[in-house]
Structures are given as structure tokens and as C-alpha cells.
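Starting from the known structure of chain A, fit chain B onto it as the hints suggest.
Number of protein chains: 2
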Amino acid sequence: MTTTEKLPSRSENFSEWYNQLVLKAELADYAPVRGCMVVRPYGWTLWENIQQALDRRFKETGHVNAAFPLLIPMSFLEKEKEHVEGFSPELAVVTIGGGEKLEEPLVVRPTSETIIGYMYSKWIKSYRDLPVLINQWGNVVRWEMRTRLFLRTLEFYWQEGHTAHATAQEAQEETLRMLNVYADFAINDAAVPVVRGQKSEREKFAGAVHSYTIEAMMGDTRALQAGTSHFLGQNFAKAFGIQFLDWNNELQYAWTTSWGLSTRFIGAIIMTHGDDQGLILPPKLAPIQVIIVPIFKSDAEQGPVMEAVERIRKELGAFRVKVDDRAEVTPGFKFNDWEMRGVPLRIEIGPKDVAQNTVALARRDLPGKAGKSFVPQEGLAARVAETLETIQNSLFERALAFRKANTYDPQDYAELIEVVQKGWALSWWCESDECEARVKEDSKATTRCIPFDEPDGEGKCIVCGKPAHRKVYFARAY
Amino acid sequence: MTTTEKLPSRSENFSEWYNQLVLKAELADYAPVRGCMVVRPYGWTLWENIQQALDRRFKETGHVNAAFPLLIPMSFLEKEKEHVEGFSPELAVVTIGGGEKLEEPLVVRPTSETIIGYMYSKWIKSYRDLPVLINQWGNVVRWEMRTRLFLRTLEFYWQEGHTAHATAQEAQEETLRMLNVYADFAINDAAVPVVRGQKSEREKFAGAVHSYTIEAMMGDTRALQAGTSHFLGQNFAKAFGIQFLDWNNELQYAWTTSWGLSTRFIGAIIMTHGDDQGLILPPKLAPIQVIIVPIFKSDAEQGPVMEAVERIRKELGAFRVKVDDRAEVTPGFKFNDWEMRGVPLRIEIGPKDVAQNTVALARRDLPGKAGKSFVPQEGLAARVAETLETIQNSLFERALAFRKANTYDPQDYAELIEVVQKGWALSWWCESDECEARVKEDSKATTRCIPFDEPDGEGKCIVCGKPAHRKVYFARAY
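Chains A and B supply the protein sequences, listed in that same order. Mapping of the first sequence onto the numbering used here: position 454 corresponds to residue 454, and the numbering continues sequentially without gaps. Mapping of the second sequence onto the numbering used here: position 369 corresponds to residue 369, and the numbering continues sequentially without gaps.
Do not take every clue at face value.
Since the list gives no way to pick one copy over another, a pair counts as held whenever it fits inside one copy or between any two copies.
When the alpha-carbon atoms are kept at most 20 Å apart in a straight line, the in silico SDA-like pairs for lysine to any residue are as follows [stated by the list, open to error]:
| no. | residue 1 | residue 2 |
| --- | --- | --- |
| 1 | K79 | P32 |
| 2 | K322 | D129 |
| 3 | K322 | A206 |
| 4 | K24 | K122 |
| 5 | K471 | R222 |
| 6 | K125 | E250 |
| 7 | K79 | E104 |
| 8 | K59 | E48 |
| 9 | K101 | P73 |
| 10 | K125 | E48 |
| 11 | K59 | D324 |
| 12 | K81 | F402 |
| 13 | K122 | Y30 |
If you are wondering where the hints come from, they were derived from the structure by calculation, not from laboratory data. A quick note: this is a predicted structure, and the numbers were derived from the prediction, not measured.
Isolated chain A (complex conformation):
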């Protein structure tokens, strides 16, 4: 671990700050294949913690996991017209298997609606088989042109839920239930405030009737789509023949949903909380919650300090704790190193602390002296629990305040185009594709979502002035 080079400044060069930080914190690395990434152990442990937080919620809402094949016959994708149009340009195609040219090329799954739809058509016969509530954790490949670690890579990791229901209402409820699961996770575990809302026709999933999203504001005020949930209507059921005998013994098409959250979310965490010193990880998801740094200058000091360190490490067994006992670097180097890696809480223990039965606590979310306190060793576990909770809440509040401070209510089109250069705009919109396209052309901002928590009403479209009934967020996005 050599972390002597300084990070680029976050405020001056957000993009380069992000790229360097991902590498320096050893979250991920570039793979030898263009656009692919290696998720390193520190990054993968963060992802495992995200997986656990989500998987628990999936199981609480009645879902089970399964695994569907990586390779999908090309003809499957062609069965749903919008779906194939959306994904065709992004496919990786296997044409050779076992040394021979394949009769039908196989695509490496970009998403699994088609192959899962095919299997559901085999498994579902009666209303008694419904609902089917399956999730899959896995990898998918989309041949993206402009890639960035975590945010957009050729291969990425995600979960994709695929459910089938007897009625449209049930499927619609499921779609929103899972969007709420994502929001709950983002807010309570990742400390990432998100806006829940509906995607426009232009921005929705290829093959969906309606798409819903959680959108988060990054530290440079850009938006990031952090999770999506789709009501697929009967589109895939009709394409793949997912039919069941209903209560009246009549054959019906099922109603399906799909929903996904990916390793992209790691990008959201980095860009929501990080600062010039590096990462700041929310305590609930941090691979290491508490780093203990022993401080001593002589062999005589080392013994008692390490004894206290070991005792305290054991007392903090309920947390994810690591002791940095490297001999080859200084305590100051260690402070910087773990700050860069975003560990929420640091405990320093030196000879004075041993003598006074105290430790120094340093909060990662508050710089320098503001985050530092000297506390008794007695009752430390309770204090650590409390402090981690304070950090968790404070990260959320800070990010929420940032989003509010950078969300605008422009009064006319010119102001809209101006404010989306520095934040989000929440404006009336007539919901026409033309107005959406014009904003994008003039400003690179897209519609992010029609938020649930804004009441419908009567307004004038910020673009064309025609009557509008709902507000939408416009923003530049990742």
C-alpha cells in the first residue's frame, strides 16, 4: 500500500478525483479488456455488505434467489420489439463454442427478462403457481463505449428481480414495493438521500410499460440513477407465452416486473460522501468501521500500548474493527491512509492514553479537531456504537442539505438551462418528448424522474408553456 501521492482536489477536478480515488483506495482496478474492471477485495467487501443489506430486505418481502444462464439465444431478445431495439447495440456475442461456429449466436446476457420469461412460461401453469418472486445475483455485459469504474463498465455486477403475478394491480404493487426497498436501503444503510419517481417514456427501460427510479445527487450536483423498478405489463408474458389458468379456469397472460441495483451504487456512495481526503463510507456498509492505530516511540512503550490495543479490539468485537500494526509506516501515514479509505472512525492509543485510561476518537466525517475527542476506555463500545450512528445520520443529513441547496425552481426556460449547469431543476413539464429532447440538446440535462412526493397540479411547461400536470427533475446525469 503506497498512498503517498495526493489525490486531485475534489472541488477543482471532481472527475479526476473520482478516478484516482477508486484506484488509490483499492476499490477497483482497470482490467486488461477495454471497459472491464476488477473489483478488488476492499471494494468487493463493500459490495458484499450492500448485497447483505438488500438480500435481507428481499427475503423479508418474500423473494427467493435462483440462477439463470449467462448465455441467451439471440432469437430470444428479438421476441420483444422494444427490448431488442434497446439492447442490440450493446451486445457481446458468442459465435464459437468448443472450436466450432455456432448455428445460432449466443448473447452474453445484458439483462435476463427474456431467458427468465422463457423459463416462467414452462413453470407457471395455474394461478396457484403465482406470484413467482425470484431474484438473481450475478454479472451482466453491456458493450458500452465510454466507461468508468463502477459507473459504467462492460461487465458489471447486480441483482435483478423478476416476478410474475396474476393481476396488473399486484404487479404494479410489487414494482413500487421494490422501489421502496431500494429507497429504504439507500437512505438507511448507504446514507444516500434519493428521490423516488417515474421515468419518462424516453428514459424508461426497453420493454417496460412504466419504469421507476431512485435518483441521487452526486457531489458535483449531477444526478445518478441508483436503482430502477419496472412494471412490464404483459409485454414479456406475451412474447414468451407466460400463461396461467385463472380462478375461472380461463387462460390468462401473467403480469411481470423486473428491478435491479448494481455495483454502480458504489459509485453513488463515493460521489455522495467523499471529500478531498478521500472516501467517507457510511458506517453500516463500511468494510472496516473502526481502525485502531497504536502509537509508541520505544520498545518500552510498545508493550503496554499493544496490550491496551488488543484488549480494546476484543471489547469492540461487535464491530468491524482492524488494528493497523504496520511497523514500516508512521502513525501520521496511517491516519491519512485510512482517511483516504473512508473508515468512519479512528481510535488512537498512545502511552498517555494507557496511563489515563483514555483513547482518542477521530470521526472521518468531521475534519481535524472538530471530529476529535478524548474519551475514557470505560464504556467505549457503547460510545463507538453511538458515534457510528451519529456519523451515519450526519452523512445523510449533509447529503440531503446539499441536494436541497442545489435544487432550483427556475422561472423560465433560459433560467432552466442556466441552473441545470449547477444543480437540479424541479419544473412543470408537459410530458412531451419534444420538450424533453430540446432541454437535452440545449443543456445536456435529461429528465430524471417525475417525483412521487410532488403533488399533481396545474402549471405551465417550463419549455413550451403549454398546460402541465406534473413536475419533473431536469439534471445532467451520470
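Just chain B now, kept in the frame of chain A:
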């Protein structure tokens, strides 16, 4: 769930029994791509339990997880001569990406030594960076011609550990440490007795110096390679330039290992423990450990029975318990259904049990009355814990006795060829490729391993009569 058709008899048609059972128990299904499988929720939950049991052991031995790319440049495989020869015939090759022909084809990983070796060469600079102890959970693709669900599929799921060390001795120790982790898991969690040993030159991993294996005897006496661990020497370090500065500041090549265990192990569990009624799952890994079947004939009976069922379900909260409250099928149907699915323990609760504060317990591993007992509701949780442990142990002992009963010590070559038709042979072998090849040609039996627990000595090769120093297991294998 319709499970009315009877399974083929295990003793009469083991192969068809296996195929049907995997489908009927809803462990897996055939995918629309030849040779690929869908792992259904019941099978995947079993795999998740296997993953947890292994992952805990990996972390206890200092390993961390990470994720490396699915797609590997074709040229990477060509860097290690034996490796490419071993895997070339089995590759799935991506030749088109984003609508364009790729300059260099990418192979879908059949295993990850090459791409991980490449990354290690970037990360490892000094002896301080060693050892690197990384594991990956994921999917791989090998273009197999003859496939069977779980046992051999084009895509399968596994973990692959890849470690790098400063000395040959450390790497060799790691190789055996992980083989022992596999054996510990197989014996103690899966109740699958395994023989640990070394693979022959002919049977070893393509690119390894030495390969080690755990071999299990299936219910038809065939052998199944259930997990392997490879000492790779400096082969991949030299192919990919994994070099480090040692304590004397001299540049050295690292020593590497790899080790893997796959969804194939599910096949081993099925074929080790199952019987004519279906699966028998070891309690420690079973997705459902206890199935509760309420029994009542009238509405008047239903209330008190369901009340007792619900109370008992809560009391058994420490176990993986399911209540089968389906109204559309009879208790008898449910008994058969859950027996077929291998749930280790059944609890029946009827009106008499309610009146007498008892329940009926039925062990899956003992047929009919032998496995049935009527026990008080009081202290049920302790009794369930005890019974599950008894079942776990009894499954192991039974399988071990079966292996011993079907392992032979043939006195000459003719007898060797005869006994490998009905079991394993443990015989002196001169370790020549010719003798190994001759046995295979004459009997389809291969060498499974040179077992650790047989002492070296002086014997005569069972094939050629020349001096031999070690014994080997010969067996037909999956």
C-alpha cells in the same frame, strides 16, 4: 408443485433416478441453450448454504473475496502452454462486441488463473505484498459435449481461490490447507466422506505442478471429484511476470496456488445420500431443516391444530422451518412431497397431538416406523436439535460404511478390472502413464488419487508388476 409421478428406482436405474430427481425436487431445470442449467430457488438455497459454510472457512483462514472479469483475451490463455492445451477445446468465444467484430477474440473464462495472474503481476511488487489470498465466487463456461445437471454443465457456479506466496513451501502449505478446508466442509457439513489425495500426472489440472483432490463415492459406487487444490509452482508467475523484491532486494518469481469447488458438489450430495423416495439432505445444509405438516379433518379441528403449529413454529425459530399449510393436497401427499425434497425432519401435528401435548417426529434417513417417534411438545427445540445432529452423523456413517464395503483390494490385474465394475480398487501402482492408460482402456476406470492416509511402502504395480511405492484408487468416475 405436482409430484404425483413416481421416481425411477435408484437401484435399478441410478442415472435416470438422478435426472428425474433433480427436476422433480425443483433443484434445477434444463435451459434453452444446450448443456446449460437453471438453478431453481430450492437448489440455489442449497448452494447459498454451501457458499456460507465455505466462505466462513475461507475467511477464517485469512482469505478475502474479489471479482475478476468474465471476458479474457485469447492471448492470455496461450501464455501457459499446458493450460491452453487443456482448455482450448472447451472455450466459448466472443467475437462480436457492440455490433463490431473484435480485433482480438475474448474467451468467456473457463477458469481465471490467467487474468488473475495478470492482475497479480501489477499489484505485487515486494515481499511485503505477499501472501495474496483472494477467492472469487462466480460463474465459468466450459464447452462440454456430454452434460448433466450439476455434474457437468456448460456454465457452472463455483469459487476459485488464487493465492501468491514468497516461497514454494508456503504455497505448498496453502494448497494442502485449502484441500483440508474442503475435506472438513465435505465431512462435517455435507456428511460426504471423502478421500484426500494427489492426482496423477494425467489427471492433474492443466498448468499445475501438483493437483490434489477430495474424492467421494456415489451411491452407484462411482467416484466423483468433489473439490481440487493445485500447487502451480512458478508456472503462471513466469507466464505473467508475477515478480517481487525479496528480503535481499532481489527479484523473484512468486509461487501460486488455485483451488475450486463447484455446484457439482450438489450432485455429490444427491448421489451420496438419496434413496428411492428422493433426496436426503444433510441437516446442516438443508434449505428446510424441519417441515411441519398440520393434520385435521374439520374446521373444528383446524383451529386448535393451527394454533399449536404456529406456537411450535415460533419455538423452533433457531432452525430453518416451514409449515406446509396447503389446503389443496392431503397430508399423505405432503409427506411424500417433502420426503422427495429431502427435508431431514418432519413434524406432524393433529388433534390427538394437541390433546396430548405431543407431536409426531419422522426422520427422513430412516424409512417408515423406524424413523418415527411420538414426543412431548415440551422441550421440543432441544429434541429437534439433537435429532438433526443424529441424522447428520448417521448420514455420514452410512456413506462411510458404504464406501468401505465397496472398496476392494484386488490380487491381480484380472480382479482389478472386475472389481472396478462394482466399486473402487486400492492398489499398488508404479505411477507410469502406460499402466494408467491400460486400466482406463480395459475398464473405463481412471486413477482417482494417491491417498494421503495410505503409507508409502514397497509393492508391485497391479498392472505391470514392477516395483511400486504408493497405492492409488482406481474407479469409474463422473
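Each hint, compared with the structure:
1. For the identical chains of this complex, K79 and P32 are inter-copy neighbours only, at 15 Å across copies versus 34 Å inside a copy, given an alpha-carbon limit of 20 Å.
2. With identical chains, the CA atoms of K322 and D129 are at most 20 Å apart between copies only, with a shortest distance of 18 Å across copies and 48 Å within one.
3. When the C-alpha separation of K322 and A206 is checked against a cutoff of 20 Å, the pair qualifies neither within a copy, at 45 Å, nor between copies, at 38 Å.
4. When the C-alpha separation of K24 and K122 is checked against a cutoff of 20 Å, the pair qualifies only between copies, where the shortest distance is 14 Å, while the shortest distance within a copy is 48 Å.
5. Proximity of K471 and R222 under a CA criterion of 20 Å is satisfied intra-copy only: 19 Å inside one chain copy versus 67 Å between copies.
6. Proximity of K125 and E250 under a CA criterion of 20 Å is satisfied intra-copy only: 11 Å inside one chain copy versus 68 Å between copies.
7. Taking identical chains as interchangeable, the C-alpha atoms of K79 and E104 lie at most 20 Å apart only when both belong to the same chain, with a minimum of 15 Å there against 30 Å between chains.
8. Proximity of K59 and E48 under a CA criterion of 20 Å is satisfied in both settings, with 16 Å inside one chain copy and 13 Å between copies.
9. For a Cα distance limit of 20 Å, the shortest separation of K101 from P73 qualifies both inside one copy, at 14 Å, and across copies, at 18 Å.
10. For a Cα distance limit of 20 Å, the shortest separation of K125 from E48 qualifies neither inside one copy, at 36 Å, nor across copies, at 28 Å.
11. For the homomeric pair K59 and D324, the shortest alpha-carbon distance between copies (18 Å) is at most 20 Å, but the shortest distance inside one copy (36 Å) is not.
12. For the identical chains of this complex, K81 and F402 are neighbours neither inside a copy (41 Å) nor across copies (56 Å), given an alpha-carbon limit of 20 Å.
13. Within a single copy, K122 and Y30 get their C-alpha atoms only as close as 41 Å, which misses the 20 Å cut-off; across copies the closest is 11 Å, which meets it.
When each numbered hint is compared with the structure, violations occur for hints 3, 10, 12.
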